[in-house]
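Could you slot chain S onto chain C? The hints should help.
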Amino acid sequence: MKDPSKQIKVWTAYTLVFLLTSLQAVGGTLKVCSTCAYTSVKEAVRQAKAGDVVLVDGGVYQESGIEITQPIRLIGRNNPVIDGNNTGQIITVSSDNVTIQGFTLQNVATSYTRDDAAIRVRQQNNIQILNNTILKTYFGIYLQYSDGIVIKDNVVVGEHLDRSESSIGNAIHLYYTDNVQIIGNEVQGHRDGIYLEAVKNSKVERNTSHGNKRYGMHFMFSDGNAYSHNTFRKNGAGVAVMYTTNVRMEHNTFEDNWGAASYGLLLKEINNSFIYNNTFRRNTTGIHMESSSRLDFKNNDFERNGWAIKLMTTCIDDTFRLNNFTGNSFDISTNGNAQHNYFEHNYWDKYTGYDLDKNGVGDVPHRPVSLYAMLVERVPPSVMLMRSFMVDLLDNMERVLPSIIPQNLVDERPLMKKTDHDNNREFVQVLRQTASAPWRER
Amino acid sequence: MNKIIKYVLYDIVRSKIVVAYTLFLLLLSIGLFNLGGSPDKGLLSLLNLVLLTVPLISIVFATTHFYNSYEFMELLVSQPIRRSRIFLSEYWGVSLSLSAAFLLGVGVPVLLFAPGATGLYLVLTGLFVTFIFVALAFLASVITRDKAKGIGIALLLWFYFALIYDGIVLLILYSFGDYPLEYATLALTALNPVDLGRVMVLLNLDVSAMMGYTGALYKSIFGSAWGVGIAFLVLLLWVLVPLLTSRRVFQKRDI
Numbered sequence: 000m001k002d003p004s005k006q007i008k009v010w011t012a013y014t015l016v017f018l019l020t021s022l023q024a025v026g027g028t029l030k031v032c033s034t035c036a037y038t039s040v041k042e043a044v045r046q047a048k049a050g051d052v053v054l055v056d057g058g059v060y061q062e063s064g065i066e067i068t069q070p071i072r073l074i075g076r077n078n079p080v081i082d083g084n085n086t087g088q089i090i091t092v093s094s095d096n097v098t099i100q101g102f103t104l105q106n107v108a109t110s111y112t113r114d115d116a117a118i119r120v121r122q123q124n125n126i127q128i129l130n131n132t133i134l135k136t137y138f139g140i141y142l143q144y145s146d147g148i149v150i151k152d153n154v155v156v157g158e159h160l161d162r163s164e165s166s167i168g169n170a171i172h173l174y175y176t177d178n179v180q181i182i183g184n185e186v187q188g189h190r191d192g193i194y195l196e197a198v199k200n201s202k203v204e205r206n207t208s209h210g211n212k213r214y215g216m217h218f219m220f221s222d223g224n225a226y227s228h229n230t231f232r233k234n235g236a237g238v239a240v241m242y243t244t245n246v247r248m249e250h251n252t253f254e255d256n257w258g259a260a261s262y263g264l265l266l267k268e269i270n271n272s273f274i275y276n277n278t279f280r281r282n283t284t285g286i287h288m289e290s291s292s293r294l295d296f297k298n299n300d301f302e303r304n305g306w307a308i309k310l311m312t313t314c315i316d317d318t319f320r321l322n323n324f325t326g327n328s329f330d331i332s333t334n335g336n337a338q339h340n341y342f343e344h345n346y347w348d349k350y351t352g353y354d355l356d357k358n359g360v361g362d363v364p365h366r367p368v369s370l371y372a373m374l375v376e377r378v379p380p381s382v383m384l385m386r387s388f389m390v391d392l393l394d395n396m397e398r399v400l401p402s403i404i405p406q407n408l409v410d411e412r413p414l415m416k417k418t419d420h421d422n423n424r425e426f427v428q429v430l431r432q433t434a435s436a437p438w439r440e441r
Numbered sequence: 000m001n002k003i004i005k006y007v008l009y010d011i012v013r014s015k016i017v018v019a020y021t022l023f024l025l026l027l028s029i030g031l032f033n034l035g036g037s038p039d040k041g042l043l044s045l046l047n048l049v050l051l052t053v054p055l056i057s058i059v060f061a062t063t064h065f066y067n068s069y070e071f072m073e074l075l076v077s078q079p080i081r082r083s084r085i086f087l088s089e090y091w092g093v094s095l096s097l098s099a100a101f102l103l104g105v106g107v108p109v110l111l112f113a114p115g116a117t118g119l120y121l122v123l124t125g126l127f128v129t130f131i132f133v134a135l136a137f138l139a140s141v142i143t144r145d146k147a148k149g150i151g152i153a154l155l156l157w158f159y160f161a162l163i164y165d166g167i168v169l170l171i172l173y174s175f176g177d178y179p180l181e182y183a184t185l186a187l188t189a190l191n192p193v194d195l196g197r198v199m200v201l202l203n204l205d206v207s208a209m210m211g212y213t214g215a216l217y218k219s220i221f222g223s224a225w226g227v228g229i230a231f232l233v234l235l236l237w238v239l240v241p242l243l244t245s246r247r248v249f250q251k252r253d254i
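Protein chains in written order, with numbering that gives the first Met the number 0: chain C, 0 to 441; chain S, 0 to 254.
Isolated chain C, as found in the complex (with noise of 0.2 Å):
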């Protein structure tokens, strides 16, 4: 590096690449609207160059098939409608770099072989895709082998109710992507409103599910996401997460997926996972867990569900700690009588402990598990006999002298208040303290 020239030369060539990639930065806007130079988005994407900006103005335009080739930004001033009427895929998109934001995207059909979407992605690295409000379309957002993804404000409304699951597409609908953010969007009348297949890394939050007519979150093989603030309501059968280790659930809703085969979460083979500050609120069952290890449960609420937790036998080592259950039908029910969990320090409402040393924990053991509850899990016809004055008795029988329900699935020390998640904080270095047992930390 002593020789000047080369210096220079080096030096030059720096130059020519930093003013190259800004020409490509600032580069050029091309505008749509019905009095421009251009009338047709497709015609003004494929005009664009790198860098440029699209700049399509309010409106309707009914096109469909707009394929995006360059690294460009396509961006709706006033809200400008494209309306597929229902001829094919809306956007395509096949370059790297592409922002999409601020569009009305509309019917797009039933396609079988294709899967048609209103924006589709494939095998491209950092898109993003901002402020779209997609209507009546087969798949809403559909991305496949990508990287770097942004996927926020976004609204997706599907109008199929009328039609079997099997006919309708997703809202949002990711495959082998990873690095993905999906925030802030909201999405319903679809068959899953999010549904994510091996997607890694990536953060889903503040997204609002509802309505859909299977699951309103789905996710299989995706490792090492977070779930944070969002909410999922009256979906078909709540949200099915399957054979995923290492994620994040924190601060969820899961409220009014009510129906006969529907839950608030479903876990199967998922492991090494955080569920923490989530409320289950009104669900015929609030967590149905199978296969799923060591999973640490905190701080969640469980408000007047039917099943607040059905904890198969196939689950091992999942703690639960500080959860409040209030108001359901039955707190845990399980199928069998190997039980290798670990309850501490929760709020049960139907425990009937004391607490003669005032240290806000009961001391006697509860057992969560009703004896027929069990019944139920065994020889499912006697469900004939719900609310009968019979069970009450029994339960209370067995309640007094455990016989059955499993000895093993017991909260030696459980709360005698309901806990403030977000106050409890002096509270819990009391508990750690006075704990026998040595709290279990991950």
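Think of the hints as simulated: they come from the structure by calculation, not from any bench.
Quick caveat, the model's predicted, so the values are computed rather than measured.
C-beta: ideal position from N, C-alpha, C; glycine also.
Fair warning: there could be bad hints in the mix.
What the hints assert, rightly or not - Derived, one-sided and incomplete: chain S residues facing chain C with beta-carbon distance under 10 Å:
#	residue
1	Tyr173
2	Leu180
3	Thr184
4	Leu185
Then chain S, alone, in the frame of chain C:
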């Protein structure tokens, strides 16, 4: 016949037990509706209590009434009146007064707090249960002349329908758990009017979603007008069979 019913009704109202029963039901219903928060919850709690207390009170009251009005019946038998008429008048007198009490005590609060199909089912079920248990009480009373024995039989009947029967069902379901029992449970439900009433009301509440496959099967049957008709027909049979049997016994027996 009307005249006899009138006298029976006078007699019952004078004894004030029915008035107390009405007040009890009224307090219970209003209390539960105000306590439960949502009308659905109130209905659910009310259902439990109605299905426990209404049969008990109906059967005990009807049995004691029957024995207490023995002399009155003897007097009537000496008149040119058919025995079956005397018996049915007694039956109508007791069951009408008890169902009037039920309508006032439960029907009115339900109408005020939770009007709708479910409430209607609850009230209809309660009315049927009243008629059924009065009929059963009369059956218990005509079997024996001994009052203590009669009340004993009546209580045993209540105990059977409220508790023992469900225990037996549980035992059957548990022992034959490996077999498909959905239709069997349906038949078992029909064999106990209390269970039948409870299932019918439950299916109209949201808890029905918790009842799984069996619940879905029940719903497909009880959900149709046809199914509901059948269910009420079964309840009607539960009134008629004990009533007609006891009438027969009463007609043939030495008084």
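Each hint tested on the structure:
| no. | hint | verdict |
| --- | --- | --- |
| 1 | Tyr173 | 6 Å, holds |
| 2 | Leu180 | 4 Å, holds |
| 3 | Thr184 | 4 Å, holds |
| 4 | Leu185 | 8 Å, holds |
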